[in-house]
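Engineer: Residue numbers (our numbering), protein chains in the order written: chain E, 390 to 624; chain G, 390 to 624; chain L, 390 to 624.
Hints were generated in silico from the structure; no laboratory data involved. All values reported here derive from a predicted model rather than from experimental measurement. Careful, some of the hints might be misleading.
Facing chain E, from chain L, some residues (calculated, C-beta under 10 Å) [unchecked claim]:
#, residue
1, 396
2, 410
3, 459
4, 462
5, 501
6, 505
7, 587
C-beta atoms are modelled at their ideal positions from N, C-alpha and C, and glycine is treated no differently.
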Amino acid sequence: MFTDFGSEGPYLGQMEAVLRINAPSEPVINLLSNAPVENVLSSAHLLAALSQNFPADTVFLTVVDPGVGGERQPIVLRADGRWFVGPDNGLLNSVALHADVVHWWIIEWRPEKLSCSFHGRDLFAPVAARISQKDYSGLSLWDGPDLSGWPADIASIIYIDHYGNALTGWRYNKELDGQIIHLNGQVIHQAETFCDVPEGEPFWYENSCGLVEIAVNKGRASELFNLKVGVGVRF
Amino acid sequence: MFTDFGSEGPYLGQMEAVLRINAPSEPVINLLSNAPVENVLSSAHLLAALSQNFPADTVFLTVVDPGVGGERQPIVLRADGRWFVGPDNGLLNSVALHADVVHWWIIEWRPEKLSCSFHGRDLFAPVAARISQKDYSGLSLWDGPDLSGWPADIASIIYIDHYGNALTGWRYNKELDGQIIHLNGQVIHQAETFCDVPEGEPFWYENSCGLVEIAVNKGRASELFNLKVGVGVRF
Amino acid sequence: MFTDFGSEGPYLGQMEAVLRINAPSEPVINLLSNAPVENVLSSAHLLAALSQNFPADTVFLTVVDPGVGGERQPIVLRADGRWFVGPDNGLLNSVALHADVVHWWIIEWRPEKLSCSFHGRDLFAPVAARISQKDYSGLSLWDGPDLSGWPADIASIIYIDHYGNALTGWRYNKELDGQIIHLNGQVIHQAETFCDVPEGEPFWYENSCGLVEIAVNKGRASELFNLKVGVGVRF
Chain E
390 MFTDFGSEGP
400 YLGQMEAVLR
410 INAPSEPVIN
420 LLSNAPVENV
430 LSSAHLLAAL
440 SQNFPADTVF
450 LTVVDPGVGG
460 ERQPIVLRAD
470 GRWFVGPDNG
480 LLNSVALHAD
490 VVHWWIIEWR
500 PEKLSCSFHG
510 RDLFAPVAAR
520 ISQKDYSGLS
530 LWDGPDLSGW
540 PADIASIIYI
550 DHYGNALTGW
560 RYNKELDGQI
570 IHLNGQVIHQ
580 AETFCDVPEG
590 EPFWYENSCG
600 LVEIAVNKGR
610 ASELFNLKVG
620 VGVRF
Chain G
390 MFTDFGSEGP
400 YLGQMEAVLR
410 INAPSEPVIN
420 LLSNAPVENV
430 LSSAHLLAAL
440 SQNFPADTVF
450 LTVVDPGVGG
460 ERQPIVLRAD
470 GRWFVGPDNG
480 LLNSVALHAD
490 VVHWWIIEWR
500 PEKLSCSFHG
510 RDLFAPVAAR
520 ISQKDYSGLS
530 LWDGPDLSGW
540 PADIASIIYI
550 DHYGNALTGW
560 RYNKELDGQI
570 IHLNGQVIHQ
580 AETFCDVPEG
590 EPFWYENSCG
600 LVEIAVNKGR
610 ASELFNLKVG
620 VGVRF
Chain L
390 MFTDFGSEGP
400 YLGQMEAVLR
410 INAPSEPVIN
420 LLSNAPVENV
430 LSSAHLLAAL
440 SQNFPADTVF
450 LTVVDPGVGG
460 ERQPIVLRAD
470 GRWFVGPDNG
480 LLNSVALHAD
490 VVHWWIIEWR
500 PEKLSCSFHG
510 RDLFAPVAAR
520 ISQKDYSGLS
530 LWDGPDLSGW
540 PADIASIIYI
550 DHYGNALTGW
560 RYNKELDGQI
570 IHLNGQVIHQ
580 AETFCDVPEG
590 EPFWYENSCG
600 LVEIAVNKGR
610 ASELFNLKVG
620 VGVRF
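The task is simple: from the sequences and hints, build the whole structure.
Structural biologist: Listed below in structure tokens is the structure:
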């Protein structure tokens, strides 16, 4: 489950209940429950980074869905062997863009009772459960969205974690080595990890999901630089 | 599990451990962990709304228990086929009031070691686990609480969700259609769902668990109207 | 899982995924996800208190690891039949100090791909999963850390819970009965539990995991006394 639901509230548990009922033998993992609220672009890049190490046939139930109840379509993506179920609002675009083999489907199936505001529980979860059981009914093949304008990376903060570390939407590659990040008028150098810099010192590094991340050894980058999701970074 | 424990802290995990040990094959779901702290009335109405779609024989382990260690009794309710285990402080009253068939029991069983402050772990969880295994020992039939003064609905905010949406304790019915809500001096009109109103606009609607909810398209109702649990609403 | 990861973010779910893949039949419980951030001393005392009621052969995957990527060793502790996997930074010291029978190992095994900043996912979780499957490969016996300077108890706040209750690092014993706690210039008397004192009144008591805890009936001790982790208490 990859959502902007929060883990405290009732939405995650209600959705998990549907999964447990429809796919009792499958483990259910809360991968992320505080994706930036209703922020599809940042969430899409987070999802691409966080999903890449999961084994084939993992089913990602992805719900960041500000347009629920509106025109957007419910869709399924298979990307390099992993499944993604969610809304057609761009949330799955980054996964698709970075995958070698992709297939798309529109979900034609509708439940008997579909609430206006909680398709995660009523529509996406039952489909995700069925796909985990190798039941692909109710889907029709689709060409997929137009990805021509979708950015491969985005040069901004896409997530602030529990430690105040700031994840950017820029995937690390070796060409970045030695470069400097400019952020809110500050200059930030590269390091390999936290203990390579003095306490209180900021740095950027390749984080554990392959993104460029801005952090402070024994400190909170989000507070030091007054960061929030959407702030731009420049190499 | 329906609690006011918070999902970060040690209480939910300790209680889940007891369930896993005593009923290893049963799935455990965190339905709600941020019920309004020690607010039994609001929690009771939330529980009634959130539990209604679960299948028969689901066991709800419900702990919002400010009087733990005092005079209140530990009880079990069976309501329309679902089980509820918790304190006799009103928490189960709304479920019972809206059910067709109810039975009540007092929990006579006591564990060898009963802490003063955590009956959720020591008493309620073992009983919930046993009921899930169809072991009903240690219970004695009871007439149940006096529900004559318990409100079927309450015209106030009972929960603020992760998005800042405000759930009321008023169950939606068709007679409310077209009515206006007065709230903190403001007037709020009905809509079907978020994308039916302009961005930033407040509205009320029947939410995904059947309650009247106040929300703002792409905004936070709780901040726009300075809402918190307990604020009254008027149709 | 006992961590300072937070339950909302991506770290807990990524680590759980590794456990599910490597030990599919074992239940995974989030025992604590908001251990005081990078505060090893407080976390160590919390872990000792919270782990003591779990059955033999429980595996605790413990990650409060500010020195990740540095010199500290990955280790395994067996203490009174329970297993603990984590960093050699003191996090397991309190558990060991209060146990009757302890054995220590260094983890020699390294994964193919080891990130600099997330050994919880890449190193500790795979080892914890293997231990739960009775596979003890990749470990070499070790004498253990020098515990001579490690405090059996600490007279300060080690955790503030969801209710604003303040847990100290002092284990309750009968000799404390009747004593008074001095805290931020205030005097706090003992009570058995919440409903033994008037509403709004502070008290201290033996909490459900055996620690001295400061609480307020129907109130928040953390706000009344302006408490945070690290504040000292004196009997």
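Engineer: Taking each numbered hint in turn, which are not upheld by the structure, reported in ascending numerical order?
Structural biologist: Structure breaks hints 4, 5 and 7.
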